[in-house]
Structures are given as structure tokens and as C-alpha cells.
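Here the protein sequences come in this chain order: A, B and C. Take any residue in the first sequence, note its place counting from 1, add 439, and you have its number in our numbering. Take any residue in the second sequence, note its place counting from 1, add 1, and you have its number in our numbering. Take any residue in the third sequence, note its place counting from 1, add 11, and you have its number in our numbering.
If you are wondering where the hints come from, they were derived from the structure by calculation, not from laboratory data. Don't take every hint at face value.
Computed, partial: chain C to chain B, Cβ under 7 Å [to be verified]:
no., residue
1, Tyr72
2, Val76
3, Thr79
4, Ile80
5, Ser87
Once the Cα atoms are required to be at most 20 Å apart in a straight line, the calculated DMTMM-like pairs of lysine to aspartate or glutamate come out as [stated by the list, open to error]:
no., chain 1, residue 1, chain 2, residue 2
6, A, Lys443, B, Glu107
7, C, Lys74, B, Asp124
8, A, Lys442, B, Asp124
9, C, Lys35, C, Glu60
10, A, Lys544, C, Asp15
11, A, Lys442, B, Glu118
12, B, Lys70, B, Glu107
13, C, Lys55, B, Glu58
14, A, Lys443, B, Glu118
15, C, Lys42, C, Asp15
Beta carbons: idealized from backbone N, C-alpha and C, even for Gly.
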Amino acid sequence: MPKKILLISRSAPYGRSTAREALDVALAASVYDQDISILFMDDGVFQLLKNQHSELIAQKNIASILPALPLYDIDNIYIHQESLDERAIVFDDLILNDMKPLNNKDVGHLLQQQDQLLSF
Amino acid sequence: MIFSLAVYSAPYSSQASYSAYRFTVALLNQGHTLHRIFFYQDGVHNGTSLATPPQDEFNLQNAWQNLAKHYQLDLVVCISAALRRGVLNDGEAKRYNKTSYNLAQEFTISGLGQLIEAAAVSDRLISFGY
Amino acid sequence: MINDGILLLEDGVFGIIPSAPCAKSLQSLIKQGVTVYALIDDVKARGIEAKSAVNIQLIDYDKFVQLTIDYRRVQSWY
Numbered sequence: 440m441p442k443k444i445l446l447i448s449r450s451a452p453y454g455r456s457t458a459r460e461a462l463d464v465a466l467a468a469s470v471y472d473q474d475i476s477i478l479f480m481d482d483g484v485f486q487l488l489k490n491q492h493s494e495l496i497a498q499k500n501i502a503s504i505l506p507a508l509p510l511y512d513i514d515n516i517y518i519h520q521e522s523l524d525e526r527a528i529v530f531d532d533l534i535l536n537d538m539k540p541l542n543n544k545d546v547g548h549l550l551q552q553q554d555q556l557l558s559f
Numbered sequence: 002m003i004f005s006l007a008v009y010s011a012p013y014s015s016q017a018s019y020s021a022y023r024f025t026v027a028l029l030n031q032g033h034t035l036h037r038i039f040f041y042q043d044g045v046h047n048g049t050s051l052a053t054p055p056q057d058e059f060n061l062q063n064a065w066q067n068l069a070k071h072y073q074l075d076l077v078v079c080i081s082a083a084l085r086r087g088v089l090n091d092g093e094a095k096r097y098n099k100t101s102y103n104l105a106q107e108f109t110i111s112g113l114g115q116l117i118e119a120a121a122v123s124d125r126l127i128s129f130g131y
Numbered sequence: 012m013i014n015d016g017i018l019l020l021e022d023g024v025f026g027i028i029p030s031a032p033c034a035k036s037l038q039s040l041i042k043q044g045v046t047v048y049a050l051i052d053d054v055k056a057r058g059i060e061a062k063s064a065v066n067i068q069l070i071d072y073d074k075f076v077q078l079t080i081d082y083r084r085v086q087s088w089y
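Please work from the sequences and hints to get the whole structure.
This is the structure in C-alpha cells:
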């Protein structure tokens, strides 16, 4: 019986490795036949901005990895609306446009539906 | 109750690894099962056998090793995170032509899948650090 | 009915002080039925036990383990 596992990615890209290593978990998870979802919130929403040129600081481009998530069987990609609003980010700024926006209450419901929460 | 832990921070730099250690001791004392501790990100530094704090300070790496011996714990460092940070076992050192290795005997080195597997088979997966 | 709990640990325990930046939010959550705990060794280590808000429960590691059993899901907000 597959478990519902939610990855919560709350770190901005590049300053620390946290965002990148959270994404690596998401990509590695696909072969284990679990029900994997990912939620971007707090500074984690900065990972999704367009026009990243991380090669200037010798790092792999996170925004170029993100569109691969559905190929790795991660069907549910959520983004926290309040985190976007607090940072004055609109959907047009984002590299993915098929994410499901969730407000505070929705996030609470989402967490309650999970078997395990992996926080990064 | 089957537990697994994920540890993401380096010992000494952050309290998180020590918190994980105390949580582990408490859950084992209560008779719960510990399926695995997965060390990821800077948490892989928990696996080094070369850490040498002053005599009068708590040696977390030694504490993990002693606990692992006593309870036959499955302590796993993530291979990709560990290689990037210079934490290697004998086999990886040979593979990459390094002159030495530093992973303590009580630890194994394995892939990220071990974190997902731990989440899948455990009743609780508790994360420490970031 | 809210059945959530928050455990403050490590530097998070400074939140038990009534003048802390997050204290108002914590008190408002307590009013809504959330139980707030703080890890007593982390509290005592920082010399702030006497400053704790009265409606925050100071607990040890054994209770910490028990809370992760009593609450079905555990999220670490580092």
C-alpha cells in the first residue's frame, strides 16, 4: 500500500544547498511507488522564478530541473499563495504554470491527508 | 511503533544533530523500534570518524557509534551528499582514487532511496535540522 | 475542533517568553485550542525557565517521543 508523502520545500535556492537537495529527494522518490507530492512555501517559492542564471555562481539551475517533476511521477505540485503574496510574486513570474495554489487553510488540509511529511 | 529519523544538519555547528541523538535515546529506552537514521545534507558529517572535539566536550560522532553498536542501528549517510562533502568509506575512496577514507564503521553509505524507503515502512519519520 | 500541537525546541524555545516576537501568535493559537510545548532541557540551557508563559507546557524528551506518537503527523519547521 503506497503512502502519501509530502515534501515541503521552504528554502530559497543557491544560498544553501537545501532547495537543491530537497529536489533530489523528489526525483529519487519516483522509483519507490509511493504517492509523492511537493509543496513550495515560504522562501521556497523563490525557486520557481523565471530568468535564473545560476551558471554565474557555478550552480545547477533549479528552475530547469523543476519542469521534470511530472516525468518523475510527481503529479501534485502545490504552491502556497500567501507566500507568493508576501513576496509580491505573481503566477506569471513562475517557471511552472500548472501548480495548484493553496491558501493557509488548504495547506492545513493537505498536511492532514498525508502519511509522512518531509520538511526541507 | 516503528520510527525513522532524518538528520540534515552538521554536528556542533547546529544543535539539531544532538536533538536527534537525544530523541533516539529516548525512543529506544521506551522500547520502540528504530528502522533507520538517514543522514542527509550537512548531516553526513555525523558519520565522520575523524572529528576530534576537546576532551571536555560532548563527542556526538562517538555517541552515535556507541549507540549503533549497542542497539545495532542502521545509520545511513546519503552517498551523493557525503561524496560532495568529503565523507567517504573505504569502497568509495578506492573508486575515486582517494588516499584515505573517514566514514565510521557503524555507518553505511547508500542512496537517497533509503530515505524514501524509511518513510514508506515507518509509522513516523521525524526530521531534525535543515 | 483543532487538535494540533506545537513543540518549541532548540532556539525556538525563546518563544516561551511573553515578550518574544512570536508570543502573540502562540497565545492566539492556544486560544484556538492548539497546545504549545517547549523542550525543558533547551529552556533551562538558555536560562529562561522562569520567564515562561504559564500556559506553555515544559516537557522532556520522553514526552517529546510520546507526542510524535499521539499526533499522527509531524512537521519540523526548522
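Against the structure, the hints:
no., hint, verdict
1, Tyr72, "holds, 4 Å"
2, Val76, "holds, 5 Å"
3, Thr79, "holds, 5 Å"
4, Ile80, "holds, 6 Å"
5, Ser87, "holds, 4 Å"
6, Lys443/A - Glu107/B, "violated, 31 Å"
7, Lys74/C - Asp124/B, "holds, 17 Å"
8, Lys442/A - Asp124/B, "holds, 10 Å"
9, Lys35/C - Glu60/C, "holds, 19 Å"
10, Lys544/A - Asp15/C, "holds, 14 Å"
11, Lys442/A - Glu118/B, "holds, 10 Å"
12, Lys70/B - Glu107/B, "holds, 7 Å"
13, Lys55/C - Glu58/B, "holds, 19 Å"
14, Lys443/A - Glu118/B, "holds, 12 Å"
15, Lys42/C - Asp15/C, "holds, 12 Å"
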